[in-house]
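2 protein chains.
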Amino acid sequence: MYKILSKINAPKDLKSLSIEEMKQLAEEIREALMNRLSKHGGHFGPNFGMVEATIALHYVFDSPKDKIVYDVSHQSYPHKILTGRKLAYTDEMHFDDISGYTNPQESEHDFFNIGHTSTSVSLAAGLAKARDLTGGSENIIAVIGDGSLSGGEALEGLDLAGEMDSNFIIVVNDNDMSIAENHGGMYKNLKNLRENNGKAETNLFTAMGLDYVFVKSGNDISELISAFERVKDSKKPVAVHIVTEKGKGYQPAEEDKEQWHWSLPFDRETGKLTLSFNGEDYSSLTGEYLLKKMKNDSSVCAITSATPTIMGFNKENRIKAGKQFVDVGIAEETAVALASGLAKNGAKPVYGVYSTFMQRTYDQISQDVCINNNPVTFLVFAASVWGMNDVTHIGIYDIPMISNIPNLVYLAPTCKEEYFAMVDWAIEQKEHPVAVRVPSNGVIHSDKEVRKDYSELNRYEVTKQGSEAAIIALGDFYQIGEQTVEKLAEKNVNATLINPQYITGIDTELLDSLKKQHKVVITLEDGVVDGGFGQKIAAFYGDSAVKVKNYGLKKEFYDRYSANEVLEELGIVPEKIADDVTALLKK
Amino acid sequence: MYKILSKINAPKDLKSLSIEEMKQLAEEIREALMNRLSKHGGHFGPNFGMVEATIALHYVFDSPKDKIVYDVSHQSYPHKILTGRKLAYTDEMHFDDISGYTNPQESEHDFFNIGHTSTSVSLAAGLAKARDLTGGSENIIAVIGDGSLSGGEALEGLDLAGEMDSNFIIVVNDNDMSIAENHGGMYKNLKNLRENNGKAETNLFTAMGLDYVFVKSGNDISELISAFERVKDSKKPVAVHIVTEKGKGYQPAEEDKEQWHWSLPFDRETGKLTLSFNGEDYSSLTGEYLLKKMKNDSSVCAITSATPTIMGFNKENRIKAGKQFVDVGIAEETAVALASGLAKNGAKPVYGVYSTFMQRTYDQISQDVCINNNPVTFLVFAASVWGMNDVTHIGIYDIPMISNIPNLVYLAPTCKEEYFAMVDWAIEQKEHPVAVRVPSNGVIHSDKEVRKDYSELNRYEVTKQGSEAAIIALGDFYQIGEQTVEKLAEKNVNATLINPQYITGIDTELLDSLKKQHKVVITLEDGVVDGGFGQKIAAFYGDSAVKVKNYGLKKEFYDRYSANEVLEELGIVPEKIADDVTALLKK
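Protein sequences, first through last, are from chains A and B. The opening residue of the first sequence carries number 1 in the numbering used here; numbering runs sequentially from there. The opening residue of the second sequence carries number 1001 in the numbering used here; numbering runs sequentially from there.
Please note that a few of the clues may not be correct.
[Unchecked claim] Mimicking EDC-like on lysine to aspartate or glutamate, the simulated pairs with C-alpha atoms at most 16 Å apart in a straight line are:
1) Lys199(A) with Glu1201(B)
2) Lys1586(B) with Asp543(A)
3) Lys188(A) with Asp1211(B)
4) Lys1065(B) with Glu1108(B)
5) Lys519(A) with Asp1543(B)
6) Lys1188(B) with Asp165(A)
7) Lys323(A) with Asp1132(B)
8) Lys1587(B) with Asp543(A)
9) Lys1515(B) with Asp543(A)
10) Lys1323(B) with Asp165(A)
11) Lys1323(B) with Asp132(A)
12) Lys1188(B) with Asp211(A)
13) Lys464(A) with Glu486(A)
14) Lys1519(B) with Asp543(A)
15) Lys191(A) with Glu181(A)
16) Lys515(A) with Asp1543(B)
17) Lys587(A) with Asp1543(B)
18) Lys586(A) with Asp1543(B)
19) Lys1487(B) with Glu1468(B)
20) Lys188(A) with Asp1165(B)
21) Lys1199(B) with Glu201(A)
22) Lys323(A) with Asp1165(B)
23) Lys293(A) with Asp424(A)
Think of the hints as simulated: they come from the structure by calculation, not from any bench.
Excised from the complex, chain A in its bound form:
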């Protein structure tokens, strides 16, 4: 099955292969990819498209002396297969040996942990600059594509590269796609270049000061090899624009490129998912809600930065939304500034974004939105221990990051009804920029009446009045708070339960009033404790007799963890917290 691949343990083993053998190897790599992806899930289209280019890169260059940096690195699976990690693709027993991204801990052929887009050119420019300062002579190659080119850091990187005067090779993997379709004016230029064999009346890459080489068939090994040989040891920065087909070699993936960018496990004969999810989820619910809202109000405008489905906008819903849905492409900074402009000129912008990618926008939230106090609504997804669990995609740092920016109101709902009440208030009010932390602990319903108006800032809700101990349980961790109160009742402690709702401020009046009948206050938050919500409560009570204990996650780069194990380890378990409370009460 793996006639040639079985002999490839490192890139050097490629060097003696004929073109025909490399073509055969490409098929075997696709088989290995198919084996892993159909059973384990992962990035499909990007890797199927990059098989030939990866073979050609390793045939022409000498990794790890020559250094290849993959953007996002979600297309680095063929690279992993060729650099000693093929078992993780061919043998189910070894699936967990590797991460889904490049990882220097795994291999000397990987130079960075990368998971966010648009970073490869600037990172690789650093490798090249260090080479020049320290007298090295290796080739430095950045591989970028799949929509990443529109990200600010990538464009800054191209501009920087255009001023360099030594070896630097930028391979632009152009498959005419981002996760969804590409967006942005530059893609008209790329299309033009693709259709005219690299010769159009203008050229983004030469405009950035780079030399330019065009490869029409980016899935043709010979053509790739000859292009890479041409630029090898180049003394100037050069962009090699290769045209590949996303999902190449698997019909369902070639036909629905968006669907097959990333896939859950599937049946390889039919392409149908073998795992399925039937319950409610906040993405679909949010999409439905916003579509209804848009119908009644033409000023409502949903914004995504290339991840439309996280806020429920699959193709069908995008068509329904028409001009009221904007995909800016991978360009998070611009998404936030655009939202600010929309709000300023009377529209109602809603930007849905993963917590981890919101990290791109600290300055835009602060400067473009909050200093101007424009009423933008942010929906922050996967900001939770239950979010994505690759080290590059962890979403638990948002509270320290954005909740300490002045003027922002950051809300944490505890159930579906509260979530939509908050979102609706955020969209309709004109006083504040508002972010809502979308729950990640499943769609929980509540029969209780939820507050509709959040304009009286930082007024917490006491959901159960008790004494001795108060549990302030924020957002996703509210249910842990509820269970803790139950455990305490079993221990004859009648604790108070509080749903704080506001992450960005404290209810000083309520906190003051607790002093009378409470000796202990507990805070719970689904994010890092350092710089977060609970520490503000601890500081508030600093000069009083009230004892405070904060529960939340550690300031740490978690990687491929089990949420339950992490919570267990940190003692964020109702029984354990209840024990801590009773111990503190006795202190």
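Use these hints to put chain B onto chain A, whose structure you have.
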């Protein structure tokens, strides 16, 4: 003196002027600018260059219905003069009526508070999109230039604009300069376009999908008017590339454009500064130190993102540093990624940046540097109540922002000797990304021996052992801590003084040991308290009997404040803190 200007109270008053009268008006505006700038200081070159373009914009378009958004807005002084705020330039009594940037609180002709670069295109795109959704028909104009084009947000914005299908006008003010000289490959293309009357073999703007209009003489009112009239009411996005001269009309500024980007008050006859500063400053000291370091080690590489002088690299020092100094242009994200790549490939990168602009790089610090744990050194300038005091340039939010990112070591020196010991350790070690918060309270010398090795993380230094109360005084506020201890001694309290040195972690052993003999712990930090250093201490002592009080700045967008007044208001005054301590001790 202001024959024509005296009749201009709003843009509509321009409409009846002849070209000759507008030329005269341009001279009067320069006179008004000169009056303010020579006495008050401010952005010189950008405004002198934009006089004619601003007149032409307001002649052709109808502000505020048509909306003009100025990038950075440090070139908006002529706009302010023409929109009802001329007294702030002509009359010293009114200098303080206005800020140095556009400001919606000042005028309906201003749409955003803007002070960071590269935001205008994306913000204005939002205004345009809202117009389209709500049925408006006004012109939307973004004015960008002065190096801002290389910033990621601007490039993302151009790309977004290139896909729009309605009115959107981007005026590119090309004066061939950033604050210092321009950097980046794209400026070769701009030069080409300038030299070939807008016709080069490639074109960055058309490559982004924009229409393109070239104006050779961007200081010629007639030529500008005819170009703006051509694009007015355009139904497509268009870039109008105007070539202006920075500092136009004042010989010293035309001759030394970098020096005259921004100026302190000066004598208009000679161009010499009337205020001068003779003491030591951390910028020059840092430059000298790094130059010496570079001489002995060719792998040391200093990086700036278009503000070279903040780290002491004036033109002369840049020449001395040669290839070991990199100005990436306005491209903060890329500066950080570049540093990570440099560190990974064996060089020793040092990135000097203003705290306020570091806000651009949260994600790059986290993903490109900290997840990879690459030994980059960051020097964070003006992170202080004593830093820049315009609302868009406040540097007090850095502690919550970066100190809660895992793996980063953030150090706060209390004097010159400690600063250089920390910087030297940071550059030479290979274990951690390290940021050093450059003091902003003057260059203070200490005779005491300072620690050289900071590799044992989070070990605080007790500089005076006492009892009852402990003052933990971070960085710049250490001297306030010292004075507080003196005040307490007068009240017969023998307080302990601690120099924590580490912002990013707590010395649990030391803090634990304090419990025995201390009832009160005070923290002092020169930054916002929310999410900062002191709240970690408060949280640590949450379940103990020790009383903690945190001193620092409020989470607020301060604007044009007096540092002393702010400190007074917040009670960050030794006498007042000492009173608080004695009150707490009695509690």
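Cross-check of the supplied hints:
Restraint check for Lys199(A) and Glu1201(B): the C-alpha separation of about 11 Å stays at or below 16 Å, so the hint holds. Proximity of Lys1586(B) to Asp543(A) is assessed by CA-CA distance (about 12 Å); at most 16 Å being required, the pair is judged to hold. With a C-alpha separation of about 13 Å, the suggested pairing of Lys188(A) with Asp1211(B) holds against the 16 Å cut-off. Annotation: proposed proximity of Lys1065(B) to Glu1108(B) holds, straight-line Cα distance about 10 Å (limit 16 Å).
Only pairs whose Cα atoms come within 16 Å are accepted, and Lys519(A) paired with Asp1543(B) is accepted, the gap being roughly 10 Å. Taking the CA atoms of Lys1188(B) and Asp165(A), the gap is near 13 Å; set against the 16 Å cutoff, the hint holds. A distance of roughly 9 Å separates the Cα atoms of Lys323(A) and Asp1132(B); the hinted pair therefore holds under the 16 Å criterion. Taken as a hint, the Lys1587(B) and Asp543(A) pair is honoured in the structure, with Cα atoms around 9 Å apart against an allowance of 16 Å.
At roughly 15 Å between alpha-carbon atoms, Lys1515(B) and Asp543(A) fall within 16 Å of each other, so this suggested pair holds. With a C-alpha separation of about 11 Å, the suggested pairing of Lys1323(B) with Asp165(A) holds against the 16 Å cut-off. Between Lys1323(B) and Asp132(A), the direct Cα distance comes to roughly 9 Å. Compliance with the 16 Å bound is thereby established for this hinted pair. In summary, the hint linking Lys1188(B) to Asp211(A) is supported, as the alpha carbons are separated by about 13 Å, within the 16 Å threshold.
Only pairs whose Cα atoms come within 16 Å are accepted, and Lys464(A) paired with Glu486(A) is accepted, the gap being roughly 11 Å. The straight-line distance between the Cα atoms of Lys1519(B) and Asp543(A) is roughly 10 Å, inside the 16 Å bound, and the hint therefore holds. Only pairs whose Cα atoms come within 16 Å are accepted, and Lys191(A) paired with Glu181(A) is accepted, the gap being roughly 13 Å. A threshold of 16 Å between alpha carbons decides the hint, and for Lys515(A) with Asp1543(B) the separation of about 15 Å falls inside it, so the pair holds.
At roughly 9 Å between alpha-carbon atoms, Lys587(A) and Asp1543(B) fall within 16 Å of each other, so this suggested pair holds. With a C-alpha separation of about 12 Å, the suggested pairing of Lys586(A) with Asp1543(B) holds against the 16 Å cut-off. Of the supplied pair hints, the one linking Lys1487(B) and Glu1468(B) holds, its CA atoms being roughly 14 Å apart against a limit of 16 Å. A distance of roughly 13 Å separates the Cα atoms of Lys188(A) and Asp1165(B); the hinted pair therefore holds under the 16 Å criterion.
A distance of roughly 11 Å separates the Cα atoms of Lys1199(B) and Glu201(A); the hinted pair therefore holds under the 16 Å criterion. Distance hint between Lys323(A) and Asp1165(B) is fulfilled; the C-alpha atoms sit about 11 Å from each other, no more than 16 Å. Between Lys293(A) and Asp424(A), the direct Cα distance comes to roughly 9 Å. Compliance with the 16 Å bound is thereby established for this hinted pair.
The structure fails none of the hints (numbered hints given earlier).
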